[in-house]
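S.K.: Position chain C against the provided structure of chain L, taking the given hints into account.
Residue numbers (my numbering), protein chains in the order written: chain L, 31 to 141; chain C, -19 to 94.
None of these hints come from the bench; they were simulated from the model. Just so we're clear, the structure is a prediction, and the values are computed from it rather than from any experiment. All C-beta atoms in this analysis are idealised placements derived from N, C-alpha and C, irrespective of residue type, glycine included. Keep in mind that a hint or two might mislead.
Stated by the list, open to error - Listed next, with one range per pair, are the computed distances between beta-carbon atoms:
{"no.": "1", "chain 1": "L", "residue 1": "Ala50", "chain 2": "C", "residue 2": "Ile31", "range": "21 to 31 Å"}
{"no.": "2", "chain 1": "C", "residue 1": "Tyr(-10)", "chain 2": "L", "residue 2": "Leu141", "range": "31 to 41 Å"}
{"no.": "3", "chain 1": "L", "residue 1": "Ser98", "chain 2": "C", "residue 2": "Glu(-5)", "range": "41 to 51 Å"}
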Amino acid sequence: RKEVEQDPGPFNVPEGATVAFNCTYSNSASQSFFWYRQDCRKEPKLLMSVYSSGNEDGRFTAQLNRASQYISLLIRDSKLSDSATYLCVVRPPGGGNKLTFGTGTQLKVEL
Amino acid sequence: DGGITQSPKYLFRKEGQNVTLSCEQNLNHDAMYWYRQDPGQGLRLIYYSQIVNDFQKGDIAEGYSVSREKKESFPLTVTSAQKNPTAFYLCASSISSGNQETQYFGPGTRLLVL
Chain L
31 RKEVEQDPGP FNVPEGATVA FNCTYSNSAS QSFFWYRQDC RKEPKLLMSV YSSGNEDGRF
91 TAQLNRASQY ISLLIRDSKL SDSATYLCVV RPPGGGNKLT FGTGTQLKVE L
Chain C
-19 DGGITQSPKY LFRKEGQNVT LSCEQNLNHD AMYWYRQDPG QGLRLIYYSQ IVNDFQKGDI
41 AEGYSVSREK KESFPLTVTS AQKNPTAFYL CASSISSGNQ ETQYFGPGTR LLVL
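Chain L on its own, in the form it takes in the complex:
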């Protein structure tokens, strides 16, 4: 089982739609969770951290389910500019700042 698993997509959605991505992780002792966004042929950029109680940033909502070992990202009112690959990132136990990256879920928002 991969340490971090994501559906690669692509998810093709119309502008204004709500779309959700899930990501599962294998190590139940993982400490921190993030969503990064990566545009085509660009570097990843932090979208948001994921907190145990869930958190929201504008149109984006992230949730953590420790019991089932998954995190989710919900995008409301999607925009053309949201088209990108969304990387699920987990900090496993063991100290330090080493991160484990998922392969990413590709989102395409269309007119």
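M.R.: What follows is chain C alone, placed relative to chain L:
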């Protein structure tokens, strides 16, 4: 402007050659990292450095070497021992190596072996 720079953006290498990828940051970050990204795979950690004059192997260090002589700089050498070097190489940094620190990425270098 503060940030992380990587050069060159594209790099072509002949088989059997060593090449060095540059990574510089002016964010005053202590920790720096090198990843490679291949199609269909997540980013994989090559080397990381928590402080000047110290570095550790990541998950795929074979065929690579690094140095950290200055806080601002963390160059990566891809040696001829790396059998499949064609990839997108990303450098990152964080304020420290603590558990809550966000990593920020440079724009990357695409290496192609001819």
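S.K.: Determine for every hint whether it applies to the structure shown.
M.R.: Tested hints:
1. Ala50/L - Ile31/C: 21 to 31 Å: 40 Å, violated
2. Tyr(-10)/C - Leu141/L: 31 to 41 Å: Holds, since Tyr(-10)/C and Leu141/L (Cβ atoms, about 32 Å apart) stay within the stated range.
3. Ser98/L - Glu(-5)/C: 41 to 51 Å: About 47 Å separates the Cβ atoms of Ser98/L and Glu(-5)/C, which means 41 to 51 Å holds.
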